[in-house]
Amino acid sequence: MRFIRLIPSLVAILCGPSLVRANELLPRNLPLEQVIDHYVEERLKEEGIEPAPPAGDANFTRRLTLDLAGRIPTLEETQTFVASAKADKRIALVERLMNAPGFVRHQATEFDTMLMSGTRGSVRGYLLEALAQNRPWDLVYRDLMLPDENDPKRKAANEFLRQRVRDLDKLTAEVSSIFFGVNISCARCHDHPLVADWKQDHFFGMKSFFSRTYESGGKLAERETGLVKFKTTKGVERQARLMFLTGKVIETDTLKESPGSDTKKGKKTNAKSTPPPAPPKFSARAELVKLSLEPGQRDFFARSIVNRIWHRFFGYGLVMPLDQMHSENAPSHPELLDWLARDLVEHQYDVRRLIRGLVLSRAYARESRWDKGEAPRAAVFAVARVRPLTPMQLAMSLRLAVTDPQTLSASLKSEEFDKRLQALESSAGGLARRFDQPGDDFQVGVSEALLFSNGSEIEKDLLADGGDRLLGRLKQLKNREVAIDLAVRTILCRPSSDSERQLLADYLKQRADRPAEALRQMIWALLTSAEFRFNY
Amino acid sequence: MALNQRLCGSPLHAIDRRGFLGTAVAGAAAFAADMTQLNVLQHPVLAGELKKQQKRCILLWLAGGASQLETWDPKPGAPTGGPFRAIPTSVPGIHISELMPQMAKRMKHTCIIRSLNTRNGDHGGAAQLMMRGRRDEPNLKYPDLGAVLARELGRRDSQVPDYVSFYFATEGRGMSPGTAGFLGSRYAPMEMYTSMVPENIRRLDGINDLDHKQRAELRDLLSKQFADGRASSSLGSHNEAYQRVRGLMASEKLFDAAQEPQKIRDRYGPTLFGEQVMVARRLIEAGVPFVRVGRAWWDSHGENFETHQELVPELDHVMSALLDDLQERGLLDHTLVITLSEFGRTPQINPSLGRDHFATAWSATLSGCGVKGGSVYGKTDAKGQHVVEGEIGAAQLFATIYRALGINHQKNYYVGSRPVPLTEPGTKPIKAVLA
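Respectively, the protein sequence lines represent chains A and B. Residue 1 is where the first sequence starts when you use our numbering, and the numbers rise one by one after that. Residue 1 is where the second sequence starts when you use our numbering, and the numbers rise one by one after that.
The following block holds chain A by itself, in its conformation from the complex (with noise of 0.2 angstroms):
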């Protein structure tokens, strides 16, 4: 019975991954899309769940592109694809798109986001840089961990530490919830009452590597020495140590107290005369960064990022929550995050090989259609999640969507081709920010709903008319249906029903006193539907 063929994975599940070991897993020399079918479909089998059919070609070329390149496709861009009858296009699509400039800064801007949300600054100029490089991901976590001041380029990356180095608990837990899938900051007031694993000394040891950071004059510094205390629930005073999330201490001679530092002198220092105080000889953050990629020690670093660029490209981590990475929360496919994680580590922790191999898989590639009542729960990936769009995506698809296709036509070189992207994503930074950051289970609020039903910007950016504009364009159109037909593909990227041109025809047809007014709220109605909010 199905139910006896479950039992392995339920054993899996239930001890948790850390029993799985690297013998029992496929081997190494797979292509991880590959692997990834492997683990979903076995799962699927197993539950007797048909999954959903693979995405139409527009369907899917929307996907990819707002995933890759962070806006909606071309009109010609969706033509040409779904024209396409070459057998192996969409490997081609997926390499066009992520050797474009574009990939690059909107992988930034999302790297940015998990980086910095919640803080007031950026990092997204450091990442441009690292990931045009294609910078290895351990690399970068010591770039912001570590930050060169001296080194222009790397500088910049110093904002992660500055943003944070106010509220070390801040710092201790965000560090801990990004780079290792672990919120521990419950622990630091008791210990966890479910979770075996964290403890007080948990949440301090990990304290103890940043304790000893400060900002001086404007730049981040370090002392040599630092000694956290807590109390425990039961008032017991206790000293805590270079404990990192396994368990494992450095054994140093620097846990004492440091003697005055110079920040409490109360001198005003001129930020850009005094230069950098000069590194400890004994960094407790560098002996973090160093112990935290060891092997045996570096498996929350690797499952981390591999589950959060995962939970990005599919709408739902390998394990969820993304910060509760613990023995009490099993993966829902462990054999594969294993695979994935040793995959990353083995090959420089490179963030592009991971991210190419998600979108060649046949997971990734479902339609989000499903018509055979109650979907599958989430975790089983038998079905595409429809997601919000973030920020940026919105405010640079809904850019897009306005412009006349002739201007961005196939036909353009493509260093001009990236010059006019680039132009539409200046200025879709501004609109950008009136969005909120979509977590998990977004609810879109009645305020966005205010500001396109009423606000002026949007009237006067998004609908306005002009030469390189779509309401131009469409005003040209003697044709009713073409001009409708048109409008659609444009904005929501696929080719329109017949119902919908009905519809939309008859709503023009009443307006024929006003043509270019019906025109424009044609437009408005197509951009504030919910498909075109959403990435499905």
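Don't read these hints as lab results, they were simulated from the structure.
The calculated DSS-like cross-link candidates involving lysine-lysine, where the alpha carbons are at most 30 angstroms apart (straight line), are:
no., chain 1, residue 1, chain 2, residue 2
1, B, K431, B, K75
2, A, K475, B, K213
3, A, K234, B, K428
4, A, K256, A, K229
Computed from a predicted structure; not experimentally measured.
Model the placement of chain B on the given structure of chain A, informed by the hints.
Relative to chain A, chain B alone:
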């Protein structure tokens, strides 16, 4: 639903008449939230009746941490008491700070709670705690008081906002934004930060009203098809947001203070706080279930006495005007007025003549609907350093607020399949405070 089977088809009988009149008095709150079938507001008698029975709440949020020693729990003569005296009130045995003479005359509406011990002295964390009645969990963001009341006391097809929050000051603004947590943006506040006119509430000149309406209907129709076979609450929220636009646009008048007779405006006084509290009354009178008016910035780490000398009399004046106004309109029995901060202030006076954050023994007040006015609950020691009687935390305060508004504080919401009660299991409301 069983009710449907008894229908004769007429919308007026969509609910059992006797049930309506019976429950209207007792529990209109629960009733209102289910009233999707019958548009009661179309029927004048029922509308009037319902409007009066619907419970509402106004929260006067004293941002930054108001000092209990300079307001509701004075300790004159104690080394920690400061220069202000205590004055007797209209209720024998109850004394409040001399800075609140007007409230002293009206103590019969108000219950003072002096025994809050909430253990969080950080602006951000404490504001979150005192707005939600609990701490967020890492993977569960709770709705705050406004969002819960928007859900419990509001109408699905509401023509007015459900949750309005005024916070014009810049200090502390980022620390306590309203949040609907897992209830979703449907119940998110209409945040008023800079203007008394809600943003984007007015139709633009370039489009006439009929087009505006029909354009929205076109949008709805185009969106319907997309939702087929795609169950997602995010997706659903998108359509719901657009469906409320027209109704919200119509409620713009409520925010206009100039619509009130000058006599009433004068009662609340010429300050921004006074005007916003008056607008809050207009809003709840029109059926908005919850309005928060934030007054900043009470965080007197220095010059505590000057700061309170300025802020407390204003609070005194505006709160008195509000209670009088509500009573005159017959609304006070159905409106709960709360004064609350994120924490109180230390009895210890620091070298800058200030008081610092203090969550160990501080005060809040509840007036009006469902509470025993003219009473004090809980006691602090002679210096105000500890609670000696009736210690409560945020959870019990919230349980009491919910009960006062006729809401079951142990009612469950569901996040996925996880039941999430409004307050932690085992939390008891303060019986002594409830009417």
